[in-house]
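Visitor: Line by line, the protein sequences give chains A and B.
Quick note on numbering: my numbering labels position 191 of the first sequence as 191, and the sequence is numbered without any gaps.
Quick note on numbering: my numbering labels position 167 of the second sequence as 167, and the sequence is numbered without any gaps.
Wrong hints could be hidden among the right ones.
Derived pair list, reagent style DSSO-like, types lysine-lysine, alpha-carbon separation capped at 30 angstroms [said to hold, decoys possible]:
(1) 38(B) to 154(A)
(2) 146(B) to 243(B)
(3) 80(B) to 140(B)
(4) 108(B) to 12(A)
(5) 12(A) to 110(B)
(6) 271(B) to 80(B)
(7) 271(B) to 102(A)
(8) 5(B) to 102(A)
(9) 47(B) to 243(B)
(10) 102(A) to 199(A)
(11) 199(A) to 5(B)
(12) 243(B) to 80(B)
(13) 243(B) to 154(A)
(14) 243(B) to 38(B)
(15) 38(B) to 80(B)
(16) 154(A) to 47(B)
(17) 80(B) to 146(B)
I should point out that these hints are in silico values taken from the structure, not numbers from a laboratory.
Next come the chains, spelled out residue by residue.
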Amino acid sequence: MRNPLKSLSDNKRTLGWALSLPAVLAILGIVVIPVIQSLIQSFYQRDLSRPQLDAFIGLLNYQNLFADARYLHSMLATFRFSLISVIFELILGVSIALVLNKNFVGRGFVRGLMILPWAMPSIVNAAMWKWIYNADYGVLNALLTQVGILDQYKIWLSDPFWATALIILANVWKETPFTVLMVLAALQTVPDELYEAAKVDGSSAWQSFISITVPLILPVLMIVSMLQFIWGFQTYELITIITGGGPFSTTEMVTLRVYATTFRSLRFGYGSAMAYLTSLFILVPVVIYIRSAYKKVVEY
Amino acid sequence: MSIRKLIPRILLYLVVLLIVIWTVAPYAWLVISSLSHKIDLVTVPLKWSPLRLTFDNYRSLFFANGETSVNVGLFFTALKNSAIISLSTMLICMPLGVMAAYAATRLKFKGSNGIILTSMITQLIPPIILVIPLYVIMRKFVLIDKQIGLILVDITIGLPLVIWMMRGYLASIPADLEDAARIDGCTYMGALVRVILPLAGPGLVSVMIFAFIASWNEYLYAYVFTNVQAKTLPVLIGEFSTKLGLEYLKIAAAGVLASLPPVLLALGFQKFIIRGLTSGAVK
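Isolated chain A (complex conformation) (with noise of 0.2 angstroms):
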């Protein structure tokens, strides 16, 4: 006696599409929808202060960019803030990652405030950083001149070296806990039988980190770098908070460019052209990303 109903509510393809459906409509309606819109406007000159010019002007957009010295200033300075800031969150992240992996009194305690700055709204990040480097007031400044490292007061985000350098600081100290715990994860995995079989070898400390830990870290410090690199193109506000942009644009990151485009010279289909040229840069990650991140699915 089986109720018609049930059996095909029961079905697998047909539960598994009524389940799915309120998602995939909802990601087709606000992400994959309007992606591609973007991605046709990006083909048009659409310039909301002047309606009247509106036309397909093909690759023109693109074109332009790739004269754009602005853009392309914009461009570098993301990348080598990005670049930058990986690096740093990989040394540091797994220097970190090491000592807490280490025996001591209050290690779960150490290892849960790793979370404090992941869980930090990253518009708090950007203003708290932003008093921190006060010219006149700032803790940085005091910390300095009263330990004898600084004779006086600096103007630190006036200075283009040290403005894009303390932006990277301020990244990295809110990205680092993300590559510490990711790591620390990733070294519970490593038997400790393959140290001690080192150690009976006569391997120093530095040798069994070379020869055990990297390689079987290595698939995690892919990850992680790629996802930072690309949450590192995605920065925005910690930038347009600390600096504006400046000192004279040398921190303008593509984030500040395509928004300014947009939605200060109302230039939309330009705007979108940037928005896509610049994720073009960011494929290469996120295919490394998606490949290696799926592969773990598929092996489930």
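Could you slot chain B onto chain A? The hints should help.
Guide: The following block gives chain B in isolation, referenced to the frame of chain A:
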């Protein structure tokens, strides 16, 4: 303990101390600033222990407090908006995401891998690409500066996150349990509700927290899609720190308040959060 063993031990604790200071000090300074009198913090050289604590900076966010404070209503509205928007986003994303994740991991129908892959790719789409077309759409449907508009937009962040993370939790529940329920006459839906969901409890909690934090902390969309009515706390703090040039301590107080919900949730549920972070590789 011999000296040879003691020295590395002491060194280890020193390094740990440095790590703790590096992690906590910037935030601690924000908290101390928010509790200080302005006069104590603007002296040169800076005194490191402004121990005359005060709640004035906090009070001025909520009450006019004698001085002319235009921020009173603003802060409260933003707080309310942030709470409504992030809770709603979470409450919408959870059922949609859990159902889709269950379908994709357990029912394994044609197209289930596509759902997982889409949720993964969606998380990597730079918001700066999405913000432009979404603005055009929101303007068309008069959703700019409305809470519901921002909730819809935040779903683009929350939903893929929930699907992707729930997939991990559901995959870790042994299939045998579900098979046993099926043999006992459960439908797939019955097995989901009676067997899978109760077992996925800790996973559900951590996914909820992730979805809430993601929406609570979100800045770019809120900045572009709201002006006055639906402004969230991150947007207000951004405005404070560009407009209230000299009111650092008020910004510090607002920043501490805005960071409390995500920070306390994350610290309170740190086991779940760390597991979620490391297994799902999400931000």
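Visitor: Hint by hint, which ones does this structure get wrong, listed from lowest number up?
Guide: none
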